[in-house]
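Enquirer: One letter stands for each residue in the lines below.
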Amino acid sequence: MSRLKTREEYEKTFAFRFFRWLSGSKDPYVDEVEMQAQKETVIPEETIIERMRESEMIRDKVYDEEQNKAARIFHKIYVTAAILFCVILVSVLLITVSFLPPTGNADNPVNNVVSERYIENGLQETGALNIVSGMILTYRAFDTFGETNVLFIATCCVMILLMVDDAILKKQEAQNDRRFEPKNDAILQGTAFVLCPIIFIFGIYVILNGHLSPGGGFSGGSIIGAGLILYVAAFGFKKTQRFFDEQVYKIAKITALCMYGLIGTYFYMTGANGIENHIPLGIPGHILSSGIILPINVCVGLEVACTMYAFYALFRRGGL
Amino acid sequence: MEFVRNFPCISIMLCLFAGIISSGLRGRAAMRVNTALLVINTVLNAFTLVYTLASGTSYVYVMGKFPAPWGNEIRAGVLEALLALFFCIIMLLSLLGGRHKLVEEVEESKIYLYYVLTDLLLSSLLALVYTNDMFTAYVFVEINTISACGLIMIRQNGRTIEAAVRYMIMSLLGSGMLLLGLCMLYDLTGHLLMSNMKESVALIVAEGQYTLPLIVSIVLMSVGLCIKSALFPFHAWLPDAYGYSTVSSAAILSSLVSKGYIFLLIKIIYRVIGFDIYHDTRIIDVLFLFGLMGMIFGSTSAIKENDIRRMIAFSSVAQIGYIYMGFGMGTQAGMTASIFHILSHAATKSLLFIAAIGLTDVSGGSRKFIELTGSGYRNKWAGVAFTVGALSMVGVPLFSGFISKLLFSQAAVLNHTKMLPALIVLGISTILNAIYFMKTVIRIYTPVGETAYPSMTFKDMPVYAAVLAAFIVLNIILGISSQPVVDMIQQGLAMFS
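Residue numbers (my numbering), protein chains in the order written: chain R, 133 to 452; chain L, 507 to 1003.
Treat the hints with care, since some could be wrong.
[Stated by the list, open to error] Just the calculated beta-carbon pair ranges, DEER-fashion:
#1 L:Ile941 to R:Phe231: 15 to 25 Å
#2 R:Leu294 to L:Glu610: 17 to 27 Å
#3 R:Leu362 to L:Gly682: 26 to 36 Å
#4 L:Asn663 to R:Val222: 50 to 60 Å
Calculated from the structure, these hints are not laboratory results.
Note that the structure is a prediction, hence the values are computed from the model and not measured.
A virtual CB, placed ideally from N, CA and C, is assigned to each residue, including glycine.
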């Protein structure tokens, strides 16, 4: 049966003294060693300010053109050289342009078999009344896929730079989302109420008629994106997030690009291997015609609209 | 048509798909997709290389129903397949080697974006290598530029943002010049496909009507690509971009991105303008001169550096100078040496960057030389790897750098007018290389007594050590069995024209 000793009694025992000696807190020759936390070296604020002032003064003297003669001369030479370089480059380019084939001349090298086939056989081969759409989305579909990916990667880079964590975003929202913009502006909201549906419908019209009339995925997508931006500006992010939040954005973007990629891969592989592809060209002039152009236009339109809106949202508050 | 012929197209499309899908994944899943993609691409491109070697010819692959010059086209030969294979391997190793730093240095919510960027960067590199169409090349140059900016700034501190802004300005200037030159050339030839352009250019030179615009467009394209690949007077963006970005980015940027542009320039020289016409324009002499200056000034700047990462970055300027000097010889031998140096520099520079990070990690994260003293003992793998890289850069036999220096001097001897300057500068540059690399090696193997820094063994970093070993093996393979590689390069160049 053990008995607990009180602290005072325990301190008188041999064991206590022995362990104290063992742990080094008691020196048998020089009494107790005091254990103290090391002091942090505190640099007084005045010295920091003093140093900053000194370095600022030195910097000012080095870079101040009135003090430093060498800097002044260098700056002058630098400016002159830059202007000279620009003038020379501009004049070289202008002179070169004057040597290029004159615009509109029938004998120009540009008017060759390539454009001839685009213009003469474009309708039969692509089924699109709009030759430009036929050219960029059928003849040169690979380039356009690359171009769409440029937009995609541009949003990725802006996200790296401006995307803020959700927690910080919520805090900012609680403070005030619209420091520089009108809140619940009646005129803006009224206009947006009337205009937004029209803009969306017009954008969809431009995308769906890309193969029949001027327009297509890029132009129609930017129209829809502009409509989304107007809606956000008028009604705020909370209302927009009911139908377009980050999840929807991601799904829309990935589906659009993957669809384009799949259609494109199917088209490239069948074409290159000499296999007939089963995409019907339809009757030129009908809305459901022209093979791969219509679905690709829809995909490009979605991607462009998402990109436009994402740029706006990221620059405005750092999140979708 | 054999199924193998589809592989270049499949590998480019796979990269794009992987990038798109990764944008919806979380960090670890995106990393797995990326690694799988790189492994698959390595296999695909190896098959392409074997196929082109066996068949002995190059082939064009029509992207779609419509043949060139109406549709898009890619082209695969020995040289293209070799470079694509090499790019995939280096990228895989660089990403594996820098993964632990990536987790530390990049915000967790943004790591998936890093893999999106690298996937798309790989797609653009492969497209630049395989393309047979100038506009496709331009589109993928854009992707390359934007993703490279992203790779620099994803580690967010002030210096990387500044470096990314500088990189962006210089790189966009280069893209703009490339685009201007391309527009002029299109106006003169009416084609965007490389082989058709070459025929038209030959016709223009024969007729002599549009000589001035032709020369200006060649100059614009060359200067644009020189700016983008950091040839000497345009290298101001380079040290910060390579020195402060996360280590995988630095390795990828220095060994792959700039090489992609150089390879595009080679394609332009051989497949668009024609080697003889390019040679006659005398631009080649300017490239030669800038290359020589880069070899000297890059090395002297590296000697002055007190920061190991920036020192390696400045060394890149010198090595890019070597490549352009090879261009400037204006002979087939010079070009072969340049292409071999592209491979050898890619293998060595990424090794140096990855090894340097191991050394700084065991020195309290400091990159100053004074702190690095003795770090070769604390992290033995990184120390050995850095030494191998340094010896290779200096040009010691057994390593890849020796072979490229040998090829450069052989090429110089064959060229009567440029032999003397080339050989002298090659000698000086080798000595300067030795000064700053051997200084570092001696520094990391100088014993220090007591040190507060921890040591690292194989158990702490198995992936990292394996990557370093793979890099060393790659380097020694290039150094010992260089002849097959050189034969492949020559065969590929013969297919170009």
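Enquirer: Now tell me, hint by hint, if it's right for this structure.
Expert: So, going through the hints one by one against the coordinates:
{"no.": "1", "hint": "L:Ile941 to R:Phe231: 15 to 25 Å", "result": "violated (49 Å)"}
{"no.": "2", "hint": "R:Leu294 to L:Glu610: 17 to 27 Å", "result": "holds (22 Å)"}
{"no.": "3", "hint": "R:Leu362 to L:Gly682: 26 to 36 Å", "result": "holds (33 Å)"}
{"no.": "4", "hint": "L:Asn663 to R:Val222: 50 to 60 Å", "result": "violated (38 Å)"}
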